[in-house]
Amino acid sequence: MLRQIATSGLKGRRRETRILLVALSLAFFFVAVSFVLLDTANTNRTLQRLSTFGQWQAVYINQPQSELGLIDENSEPVQVQILGRDDRAGLVAAVDDDFRQMSHIKLIEGAWPESAYEMVIEQGQLSHFAETPQVGDTV
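Quick note on the numbering used here: the sequence shown kicks off at 2 and runs consecutively.
What the hints contain is simulated information worked out from the structure, not anything from laboratory work.
Every residue, glycine too, gets a C-beta built ideally from N, C-alpha and C.
One or more of the hints may lead you astray.
Okay, derived cross-link-like pairs now, SDA-like style, lysine to any residue, Cα gap no bigger than 25 Å in a straight line [said to hold, decoys possible]:
| id | residue 1 | residue 2 |
| --- | --- | --- |
| 1 | 107 | 126 |
| 2 | 107 | 16 |
| 3 | 107 | 119 |
| 4 | 107 | 54 |
| 5 | 107 | 128 |
| 6 | 12 | 24 |
| 7 | 107 | 140 |
| 8 | 107 | 50 |
| 9 | 107 | 87 |
| 10 | 107 | 48 |
| 11 | 107 | 46 |
| 12 | 12 | 26 |
| 13 | 107 | 123 |
| 14 | 12 | 27 |
| 15 | 107 | 96 |
| 16 | 12 | 22 |
| 17 | 107 | 83 |
| 18 | 107 | 52 |
| 19 | 12 | 32 |
| 20 | 107 | 127 |
| 21 | 107 | 47 |
| 22 | 107 | 117 |
| 23 | 107 | 137 |
| 24 | 107 | 118 |
| 25 | 107 | 138 |
| 26 | 107 | 134 |
| 27 | 107 | 86 |
| 28 | 107 | 133 |
| 29 | 107 | 49 |
| 30 | 107 | 44 |
| 31 | 107 | 94 |
| 32 | 107 | 84 |
| 33 | 107 | 91 |
Simulated restraints on C-beta separations [what the hints assert, rightly or not]:
| id | residue 1 | residue 2 | range |
| --- | --- | --- | --- |
| 34 | 92 | 51 | 18 to 28 Å |
| 35 | 24 | 49 | 50 to 60 Å |
| 36 | 38 | 114 | 42 to 52 Å |
| 37 | 85 | 47 | 51 to 61 Å |
| 38 | 54 | 3 | 51 to 61 Å |
| 39 | 120 | 51 | 17 to 27 Å |
Please take these sequences and the hints and turn them into a complete structure.
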């Protein structure tokens, strides 16, 4: 009974019915498009993070050895030792070969440090120097 009243009301107002159907269709379309765009943006952000920083998931800093037992058995922990912190240059750290492979860091010029007195400088940190250092310079 109620359905008949509703359908007869819609039949009597053809123009309003069409406008309502168009509005509902557009609403559905825009919601679907927004979800697709959101998913694409999240996927691109994840791919950008992986290509820039590598595949690592978490960092444990200054944690006791007992806390390291919480790491998943399938994960491969790597060693990164923070040597110091500078207000201008940021962190100074030492990393092992596993971290280098996992992090996707690419050298622009030179080679990885081979002794304790050599270092790699991240390209963004070069602006902190009065004169841009070259490979082999003392900083």
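Which of the stated hints cannot be reconciled with the structure, identified by number in ascending sequence?
-> 2, 19, 35 and 37
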